[in-house]
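Sequence lines, in order, name chains H and C. With the first letter of the first sequence counted as 1, position 240 gets the number 239 in numbering that gives the first Met the number 0; the numbers rise by one all the way through. With the first letter of the second sequence counted as 1, position 222 gets the number 221 in numbering that gives the first Met the number 0; the numbers rise by one all the way through.
Rather than coming from a laboratory, the hints here were simulated on the basis of the structure. Beta carbons are placed, not taken as given, at the ideal position from N, Cα and C, and that holds for glycine. Wrong hints could be hidden among the right ones.
Said to hold, decoys possible - As a list, the in silico EDC-like pairs of lysine to aspartate or glutamate whose alpha-carbon atoms are at most 20 Å apart:
(1) H/Lys-315 to C/Asp-262
(2) C/Lys-315 to C/Glu-336
(3) H/Lys-179 to H/Asp-156
(4) H/Lys-315 to C/Asp-257
(5) C/Lys-315 to H/Asp-262
(6) C/Lys-315 to H/Asp-257
Claimed, not checked - Rough simulated footprint, nothing fancy, chain C against chain H, three-plus residues with beta-carbon under 8 Å:
(7) 9-23
(8) 36-43
(9) 189-201
Chain by chain, the residues:
There are 2 protein chains.
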Amino acid sequence: MSVPSDMGVNIDRFWSTIEASAEIGRGRPGGLSRLTLSDADRQMRDVFVGWCKEAGLSVSVDELGNIFARRDGSDNSLPPILIGSHLDTQINGGRFDGIAGVLAGLEVLRRLNDAGHTTKRPIIAVNWTNEEGARYSPPMVASGCFVGKYTADWAKDLVGDDGSRFGDELERIGYGGATKCAAGEIDAYFELHIEQGPILDAEGRKVGIVTGGYPSHGMRASFSGRTAHTGPTPMDLRQNALVAGARWLTAVDDIGWDFAVHDGKATAARLTAWPNKAGILSDTAEAVCDVRHPDPTTTKVMAEKMRRALFESAAKAGCIAKIEDEWQWGGDIFDQELVNLLRNQATRIGANWREIQSQAGHDAYHLALCCPTAMIFTPCKGGVTHNNEEHCEPEDFVEGLNILFHAVIERADRD
Amino acid sequence: MSVPSDMGVNIDRFWSTIEASAEIGRGRPGGLSRLTLSDADRQMRDVFVGWCKEAGLSVSVDELGNIFARRDGSDNSLPPILIGSHLDTQINGGRFDGIAGVLAGLEVLRRLNDAGHTTKRPIIAVNWTNEEGARYSPPMVASGCFVGKYTADWAKDLVGDDGSRFGDELERIGYGGATKCAAGEIDAYFELHIEQGPILDAEGRKVGIVTGGYPSHGMRASFSGRTAHTGPTPMDLRQNALVAGARWLTAVDDIGWDFAVHDGKATAARLTAWPNKAGILSDTAEAVCDVRHPDPTTTKVMAEKMRRALFESAAKAGCIAKIEDEWQWGGDIFDQELVNLLRNQATRIGANWREIQSQAGHDAYHLALCCPTAMIFTPCKGGVTHNNEEHCEPEDFVEGLNILFHAVIERADRD
Numbered sequence: 000m001s002v003p004s005d006m007g008v009n010i011d012r013f014w015s016t017i018e019a020s021a022e023i024g025r026g027r028p029g030g031l032s033r034l035t036l037s038d039a040d041r042q043m044r045d046v047f048v049g050w051c052k053e054a055g056l057s058v059s060v061d062e063l064g065n066i067f068a069r070r071d072g073s074d075n076s077l078p079p080i081l082i083g084s085h086l087d088t089q090i091n092g093g094r095f096d097g098i099a100g101v102l103a104g105l106e107v108l109r110r111l112n113d114a115g116h117t118t119k120r121p122i123i124a125v126n127w128t129n130e131e132g133a134r135y136s137p138p139m140v141a142s143g144c145f146v147g148k149y150t151a152d153w154a155k156d157l158v159g160d161d162g163s164r165f166g167d168e169l170e171r172i173g174y175g176g177a178t179k180c181a182a183g184e185i186d187a188y189f190e191l192h193i194e195q196g197p198i199l200d201a202e203g204r205k206v207g208i209v210t211g212g213y214p215s216h217g218m219r220a221s222f223s224g225r226t227a228h229t230g231p232t233p234m235d236l237r238q239n240a241l242v243a244g245a246r247w248l249t250a251v252d253d254i255g256w257d258f259a260v261h262d263g264k265a266t267a268a269r270l271t272a273w274p275n276k277a278g279i280l281s282d283t284a285e286a287v288c289d290v291r292h293p294d295p296t297t298t299k300v301m302a303e304k305m306r307r308a309l310f311e312s313a314a315k316a317g318c319i320a321k322i323e324d325e326w327q328w329g330g331d332i333f334d335q336e337l338v339n340l341l342r343n344q345a346t347r348i349g350a351n352w353r354e355i356q357s358q359a360g361h362d363a364y365h366l367a368l369c370c371p372t373a374m375i376f377t378p379c380k381g382g383v384t385h386n387n388e389e390h391c392e393p394e395d396f397v398e399g400l401n402i403l404f405h406a407v408i409e410r411a412d413r414d
Numbered sequence: 000m001s002v003p004s005d006m007g008v009n010i011d012r013f014w015s016t017i018e019a020s021a022e023i024g025r026g027r028p029g030g031l032s033r034l035t036l037s038d039a040d041r042q043m044r045d046v047f048v049g050w051c052k053e054a055g056l057s058v059s060v061d062e063l064g065n066i067f068a069r070r071d072g073s074d075n076s077l078p079p080i081l082i083g084s085h086l087d088t089q090i091n092g093g094r095f096d097g098i099a100g101v102l103a104g105l106e107v108l109r110r111l112n113d114a115g116h117t118t119k120r121p122i123i124a125v126n127w128t129n130e131e132g133a134r135y136s137p138p139m140v141a142s143g144c145f146v147g148k149y150t151a152d153w154a155k156d157l158v159g160d161d162g163s164r165f166g167d168e169l170e171r172i173g174y175g176g177a178t179k180c181a182a183g184e185i186d187a188y189f190e191l192h193i194e195q196g197p198i199l200d201a202e203g204r205k206v207g208i209v210t211g212g213y214p215s216h217g218m219r220a221s222f223s224g225r226t227a228h229t230g231p232t233p234m235d236l237r238q239n240a241l242v243a244g245a246r247w248l249t250a251v252d253d254i255g256w257d258f259a260v261h262d263g264k265a266t267a268a269r270l271t272a273w274p275n276k277a278g279i280l281s282d283t284a285e286a287v288c289d290v291r292h293p294d295p296t297t298t299k300v301m302a303e304k305m306r307r308a309l310f311e312s313a314a315k316a317g318c319i320a321k322i323e324d325e326w327q328w329g330g331d332i333f334d335q336e337l338v339n340l341l342r343n344q345a346t347r348i349g350a351n352w353r354e355i356q357s358q359a360g361h362d363a364y365h366l367a368l369c370c371p372t373a374m375i376f377t378p379c380k381g382g383v384t385h386n387n388e389e390h391c392e393p394e395d396f397v398e399g400l401n402i403l404f405h406a407v408i409e410r411a412d413r414d
């Protein structure tokens, strides 16, 4: 049976899965603290797998815990279409970030069941492990392994601030699967996600068709100095690594303000030091900062300023700085054909949409390295996210879900 | 028997106690990491108590673990003289900071035994608990309780970064004594300490007679903001408490440089934040900073700048700052008669000495609140301290110890 062109998803059913998820791994009031590979993550995975099996989907789990729930097509020799996101959250996370995208995939497949329609190509709903990086840094780990950017052994050896090892926790919660974490041939990857910024909400729109990501540049740097007494040590003999780090964070924040007028951003995200005690100067520190700007050339300029500030900050504090890691993402990475498909469906259903650039990292950035990829954004109130007050209403998702539903069918059924 | 005026201490015996101490609670190469109330602290206390008992001293321990090793006088109705310091160290501490002062007290009493001299007043060597504050902040806790600045219950409820409670650890190592932590009438308090600054070493002198302490002003402040995504959140909507803290530390360090020409110092000592993770802005942070200057008026100016910088830093980051604690110390707090006694003995024995101001906090600052107090500094190489490379030679202590020895006798025997 074909799917009526005016058929929409079952928003009540979708919302009931959002609400069930919101009970698992509760954090601060209204929010979630469902760190990857925790007991709460296991509980959520179990519930998700149960839903998928009830829907007649065949579920498999790879060696890094990525969950694939597959609905066969009429020609299973063709590469599948993937719809995915993540069920883990930040330590002070909301109820929608990532979660809505995974449950959107499930709703699309359930709705195809309702319609009794077998697509030509198979479709797979995916939950990626450790998107947030809140427990094991960096973010988007398992999707990165899936596309060959990282190795599974590297991921398993990641250690969290709590001293736990990724691989051990994966086994402990029973989600270390037998299949290799590697992308075969994939026809297309779709991801629906809340915007995590204020634009759609401010403009009263329900949909953003994502054309790409803000070119972004991040760095993790270390500082080395020398412990000494906080009192008698003269200023010019001090080698306080904490001051080196604080100066870098301050300088990076200044860069953000300098470029804010055209929506540039700079983030001083993390600073640790040792011993970091009241009576002693610290001899080591580590910090993570990044810069983002819609224009790639300007991002490069900001990144260069961030780099210079790093060494100047260290020198001012009598310390040595070292860049431990460096990463870039964003740009026009999404597939034009797939983005057009979303544009056309958005127009066809009369959605209130606009084009938008993503400013956050997403698993879709990794998937774009191996297959045609596109994203749909839906609004969240005030752009508040990574916060327990992250808020969406069911009607915020209706248009985005319907665009996803019909775009996936069109892609899956094409000749 | 009277003590010959040219009798000196037994430097080899003193040094052997320094070397024995240096085996207990080893840290980085050459240094110690003997945190207060740890197993290593217990081991050191046991050894010290053993030495005291061998020397015929009567040992008592108060409710906060302060150890008093008493040598009776000929008139025990007179208030005693105390010689003290601390046996605990920083997490990356040296072998002399504090330790030399406690063992100096022991050597003075042992040497009086050698001389067969009974002083008129009793003399007590003291080890103060938790001088460093490296495990339980603030520093100089038990000497503060001794003089009535803090209560014993307050001290027992202090919790360390390791989650342990002062009172529980005190009981665990068996050093929670029965007597109340409170000063009775005390005739005088002497403390010998390494300088912890570079002045004596640079000038090739072996003794500093401490006239007082740099007026100092410290603050512990908290910052509150809001968690949010590190990416899309516009600069002017961010409330990143980590940035507020980093800006304050940077501003305080700048204040130190502005006043460095006349030996002002400012220390950004500690910064913690939550969640302090790469993907999320932090909603809380806490920081400790202080300023010091030889001139009390200038210290006030520096403190006022530090206070303004606190609120400006918070405002710039969209956060709220709160001063959680504030403290001042230093000034001309030592007893002129006692300082003169040290000056005269230094001149009499032909020591290479100078007057000096302390720039660090010491238990002596607390004792000065309840009795005549004075301090003797001895050099340490390059002024390096709170570092495993802290270094002294036996000859660095000879003159200081001999001044202490004869000054204590003169004070104890006076009419």
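Results for each hint:
{"no.": "1", "hint": "H/Lys-315 to C/Asp-262", "result": "18 Å, holds"}
{"no.": "2", "hint": "C/Lys-315 to C/Glu-336", "result": "51 Å, violated"}
{"no.": "3", "hint": "H/Lys-179 to H/Asp-156", "result": "16 Å, holds"}
{"no.": "4", "hint": "H/Lys-315 to C/Asp-257", "result": "13 Å, holds"}
{"no.": "5", "hint": "C/Lys-315 to H/Asp-262", "result": "18 Å, holds"}
{"no.": "6", "hint": "C/Lys-315 to H/Asp-257", "result": "13 Å, holds"}
{"no.": "7", "hint": "9-23", "result": "violated (count 0)"}
{"no.": "8", "hint": "36-43", "result": "violated (count 0)"}
{"no.": "9", "hint": "189-201", "result": "holds (count 4)"}
Of the numbered hints stated above, those contradicted by the structure are hints 2, 7, 8, listed in ascending order.
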